[in-house]
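Undergrad: Kindly generate the complete structure, drawing on both the sequences and the hints.
2 protein chains.
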Amino acid sequence: MIRADFALRHAGQLATMVPAAGDPLGRIRDGALAAREGRVVWIGEDRELESQVTLDGDLLDTQGACVIPGLVDAHTHPVFAGSRADEFAERASGVPYAVQQSEERGIARTVRATREADEPTLLALAQARANRFLANGTTTIEAKTGYGLDLDNEAKLLDVLRKLAGRTPLRVVPTFLGAHVPPPGIDRDLYVRSLIDEMLPAFRPWADFCDAWCEAPAFTAKETRAILTRARSLGYGLRVHAAQLAPGEGPDIAAALEARSADHLEFATPAQIRALAKAGTVAVLCPGANFTTHGPRPPIDAMRQATLPMAIASDLNPGTSNSESLPHAMSLACVQWGMTPVEVLLGATVHAARSLKLDGVAGCLQVGSFADCAILDVETPEAIPYYVGVNRVIATVAGGVTWQPS
Amino acid sequence: MIRADFALRHAGQLATMVPAAGDPLGRIRDGALAAREGRVVWIGEDRELESQVTLDGDLLDTQGACVIPGLVDAHTHPVFAGSRADEFAERASGVPYAVQQSEERGIARTVRATREADEPTLLALAQARANRFLANGTTTIEAKTGYGLDLDNEAKLLDVLRKLAGRTPLRVVPTFLGAHVPPPGIDRDLYVRSLIDEMLPAFRPWADFCDAWCEAPAFTAKETRAILTRARSLGYGLRVHAAQLAPGEGPDIAAALEARSADHLEFATPAQIRALAKAGTVAVLCPGANFTTHGPRPPIDAMRQATLPMAIASDLNPGTSNSESLPHAMSLACVQWGMTPVEVLLGATVHAARSLKLDGVAGCLQVGSFADCAILDVETPEAIPYYVGVNRVIATVAGGVTWQPS
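Quick note, the sequences are listed as chains B and S, same order. Residue numbering for the first sequence follows the working numbering, starting at 1 and increasing by one per position. Residue numbering for the second sequence follows the working numbering, starting at 1001 and increasing by one per position.
Mixed in with the good hints, there may be bad ones.
Said to hold, decoys possible - Rough simulated footprint, nothing fancy, chain B against chain S, three-plus residues with beta-carbon under 8 Å:
no., stretch
1, 1319–1325
2, 1337–1350
3, 1381–1391
Simulated from the structure, these hints should not be mistaken for lab results. C-beta: ideal position from N, C-alpha, C; glycine also.
TA: This is the structure:
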């Protein structure tokens, strides 16, 4: 008998995301799952649970609901203060996002508010966001800094992320995004030098990934290459904000440096997409930001042709996507971009996990994986995006524990 | 002293929706409100509450959150069984909505599933939907039948609505929509005769409004005129599904018969819009359906010029808008159509209430109005649509009682 301290039973459909004959979602009907110390120890049909598992702990009867792996959000900016609601309204009235970037507004405005906020305030804000991620079925997030933009303030944000991870069952994968935009009031060459010589070495213990935005409002190709090359030599995994607003070299740099992810990619070329696929990079698509900035459809068809894995992310941030809901991002990707429900389901689980080097442990359910699940009031996993803008998550399990809002 | 059995205090901003000097939302900063027997008896600044009101009942401290009138959803189809998730996915892949309407699919498919479902099943489904409306800040819905489409089954749906109203604090305004589409398997002239001669007279005690869909997949202008003229003579208020998929006479009929609402209106002409404004009709816009069917932008600018009141509705239905969230519909209207936050706030409160003949009692907060409120974790009421696809409602008050999920 297998010993377990948590079990879940009577999942009408349990999507393992481990492809099985004819089913890319590897679903088990009337499924069950058992876990010990946060990891799955058994998974199968409910009628076999009792004969194979000895349970000493909580039993969750999902009463026919759908169970999927806890969602994995591969692109979020969860540590910030201040509001940019007026900029959202302005964009609705036709002002382009790029025009909103100045030393007073746009990202710079969030940087100012975030610098002014003390650590307890930022931690409380981030924790409220963690609760909303969990409430919407997400159990793992990639979490970027990038609103500090100097040594002390970026350190403060990394500290908030470290403390957040200790206070929430949400898994928090920290990414250093000092190269978000050049901060106001400092020579950009000086800032790039500080990134390369001071921040990157100092922050290596606190961040798994380094990210940079390679685009006109942010960093040049040359700067991006210098920053990410240094990050790579220090052992960071790499991510790149690339080709969101215009064509550019971001995707080439991501491919050349074998970045784990290239994000946004609205303006990536077919050749760049092929290069990303060859490099083992994951395309992290951000439908929420695309939606509120009226961006063009990313080259989904070229990505399909190149078999470039497409992750779907919330891109939670105060400028372009103020939402912790991956199911909503999935709906947007289906409606706006014509992605299929299966594509967006894989995008918010396995492909997202791959971009975070969590292949096989997050975004799927199998023996040895995290016991992270979202339990949803939906008829099939494919129906998740059909419920648009309304939360159908009944419960979230993280590490074999049913989450309750803190 | 004013006696009250409920009070709410410390609303950071309390939007009354009663226009005040320079503020269309009539907001009170650090506001408070007191109610007795479900109606507002006092509203003002928090610092005046204690000196003016004697409270014998619940006190809700909103701790600086925003308080707005409970949202009013002027167009919903909440009584149905079955799923059309596959049709949602199909549309994402490019199949037009109109092509999906047949005797086997589209609305006809929901009619079949709804006829097959017994009343307790339909009531349980509707009650789950009522809970989701309330969870997302809505306290009043217009609720259509229209998936029965014969005497017995439409009676069953009206009965479900009547029972639902007794089991939820959500206010349910029933609309008879026998003229949704001509049902399969019966001669359409016979069906129209049955509507006019049997159903309309029989159902008058159970429905406040009568609605008809005047459009190619549904009823002709002549049929619509006959049905609604009869309904009017019986004392129903009128609503019309009009010009959603193509230009047509629907808006003209709505104006000529002084309908309370003309709904969808993507293809209404400027002349029709002026006629609707003159007739005192409210335009009930449905951004959720527009979104998933890839409809064109409704003629918002012409509506503004004509000062035609624009309500925003969820259009909850299993085909085109599977969502009980008005905040989400408001986000869509801002992002997709360029409506302003103030326009969508008024659209989901005062204008929606006007279309339901609830002017002054629902969708606003003043002495004598329903004590229905949504309490939101947002910085200002205008920020509500800025949070896209994620529920920021902290609590919902209906009739002076804080709602708890049933």
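Undergrad: Could you run down the list of hints and mark each one as holding or not?
TA: Against the structure, the hints:
1. 1319–1325: Held - the stretch 1319–1325 of chain S has 5 residues with a Cβ nearer than 8 Å to chain B, which meets the minimum of three.
2. 1337–1350: As far as the stretch 1337–1350 of chain S goes, the hint holds, because 4 residues have Cβ atoms under 8 Å from chain B.
3. 1381–1391: Holds, because 9 residues of the stretch 1381–1391 of chain S bring their Cβ atoms closer than 8 Å to Cβ atoms of chain B.
The structure is consistent with each of the numbered hints, conforming to all of them.
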